[in-house]
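Visitor: Using the hints provided, position chain F relative to the given structure of chain E.
What follows is the residue order along each chain.
Number of protein chains: 2
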Amino acid sequence: MNLDHVRIVLVRPTHPGNIGATARAMRNMGLSRLMLVEPQDFPSDTAAARAAGADDVLTSAEVFANVADAVAGCKLVVATTARPRSIGWPVETPKAVMPEVAKVSDEGEVAMLFGQERAGLSNAEVDHAQRLIRIPVNDDFSSLNLAAAVLLVAYELSMAGGDIPATHPEEESPEEEYPSAEESHFFYEHLEKVLRAIGFLKPTASTRLMRKLVWLFTRARPSIEEINILRGILTAVERIDRKNNNKNKAQ
Amino acid sequence: MNLDHVRIVLVRPTHPGNIGATARAMRNMGLSRLMLVEPQDFPSDTAAARAAGADDVLTSAEVFANVADAVAGCKLVVATTARPRSIGWPVETPKAVMPEVAKVSDEGEVAMLFGQERAGLSNAEVDHAQRLIRIPVNDDFSSLNLAAAVLLVAYELSMAGGDIPATHPEEESPEEEYPSAEESHFFYEHLEKVLRAIGFLKPTASTRLMRKLVWLFTRARPSIEEINILRGILTAVERIDRKNNNKNKAQ
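Protein chains in written order, with the working numbering: chain E, 1 to 251; chain F, 1001 to 1251.
Treat the hints as calculated values from the structure; they're not laboratory data. Since the structure is predicted, the reported quantities are computational estimates derived from the model, not experimental observations. Think of the CB as a built atom: it goes at the ideal place given N, C-alpha and C, for glycine as much as any other residue. Hints are all accurate, no fakes.
Distance condition first, Cα-Cα at most 27 Å in a straight line; then the derived DSS-like pairs of lysine-lysine: (1) F:Lys1095 - E:Lys103; (2) E:Lys193 - E:Lys212; (3) F:Lys1095 - E:Lys95; (4) E:Lys249 - E:Lys193; (5) F:Lys1243 - E:Lys202; (6) E:Lys247 - F:Lys1247; (7) F:Lys1247 - F:Lys1193; (8) E:Lys193 - F:Lys1212.
Covered stretches of chain E (in silico footprint by chain F; criterion: 3 or more residues with CB under 8 Å from a CB of chain F, positions within the stretch not fixed): (9) 17 to 28; (10) 49 to 60; (11) 149 to 160; (12) 192 to 201; (13) 209 to 222; (14) 232 to 243.
If we strip away everything but chain E, and leave its shape as in the complex, we get (with noise of 0.2 Å):
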C-alpha cells in the first residue's frame, strides 16, 4: 500500500469545518493528499480550527473546477454514496473494496469521491468510478457527517493494508512464556497443598472443587510469570499458617 498515492476528493463541500476534521482525520489515518472539488468557502480559518494541527494537509489541498480533472491520472476510483442509487451498480461496503484500493495504490494513482454534504454525488460524478461504497450505518439514522464518512474509509484502507500497526512496539507485551503441563501440575499441587492446609478443602473432600479451580485457571492460560506471582501468593499463605502452627504448639 501506498498511502501518498491516494487523494481524498470533496465535492462542493459546504462547510470550511467539515473540511478542517476531514484533513485531520485523513492524517489519523496516514493519509495526505486532499482535492476540492469547487469548496463553497476554503480557505478558511475554521477549517483551520478543526484541522488541530493537520495544517499541512489543508496548505497543500489542491482546488479543482470538476470531477474530472481531480481525478485526472488515476487507475481507480471509487465514490461513496448514502443513497441507494439506480445505476445499476453494486453498492459494496469500504470493508470490501478497500483492499483493492490498498493493492492499486502500490502501481498508481487512486481517488476516493466525497459528495457535498446534503446532495451526495450527481450520476455523472459517479460516472467517474469504478466502485461504488456505502459505509453501513443504522438505516432510522444515516445521515454521517462528511468527515466521519472520510475517517471510516481510510481507516478500512488502513486495517486493510496493514499500514498501521494493530498495536504499538512498546505496547506489545515481550513474547510470554508458558509453563509446561509439569510446570502447571507443580502449581495445581501447590495449590492444593494449601488449601488443605488452610481448611478450606476438608480430607474427606471430593475433587470436584479442586477440578473447578483447575478449569477457572485453564481458561486464564497463566504466563511463567503469572504462575510465579501465584505460587508467591501460595507460599505467603503457609508462611502465616506454619506461624500459626508453631504458635498451637507452643501453648
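Guide: Showing chain F alone in chain E's frame:
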C-alpha cells in the same frame, strides 16, 4: 447483540460540540445511551447543533459525578486509551474486543469509557474496566477527535454484531451467571486486602502487581459461582491470619 444495553460514557468532556458529534455518531451506529461524567458545558446549544438531529440522544443523556456511578451494574466495562500505559495490561484493538462486547450485551449492560479530549482517562478510572482498547492510528498524528473515537469504536461494534462467534457448549454452559463489574470489583478489593494482610503486597507496593492479577482473572472471566469459591478461599486465609494475629497480641 443488544445495542440498548451499551452505554457510551464520556468522562469530563470539554467541548460541547464533541458531545453533539458523539450523539450523532452513536445514532449512525444504532447506539442511543449516552452517559456524561462531569461534562464541562452541558446541556448546550452547540451540542444540539452538532447532533444534527440526534437530539434525543442528548435529551436522554444522563450526567454522573464519577465513573463508578456511570458504570454501576455493568457486566463488562471497556476503557479507551490514546497513549501507551504501563499497567501490565494488554492494549487491544476495537476489532479484537467488540465481538465480546456484542456478546455480553445480550446478557447485560456494557459500558465503554472515553476520556477527556486532552488528558484521557486517569489510571483510577481505567481500573473500572476489564478491557483496554486503543484505536490504531498514525503514530505521527495520533490525536483523534473524541467523537471520531466513539464513531470508530461504535462502527467496529456494529460490524462485530453481524458475526458473533458461536460459543462452544463445552466451554460455557448457558446457565452460567456472570458477575457485574461491581461484583468483580468487590472480589478484587477482597483479594487486595488479603494479599496486604498476609504481607504478599507490601504497604508501599505499586498497583502494578495487583493489575497483573486482575488481568489474569479477567481473562478467565469467572462466573458468580467461581467468584464465590475464590472469595471462600480468601475468607479461609483471613481466618488463619486473624488467629495468628490474635496469638501475637496474646503473647
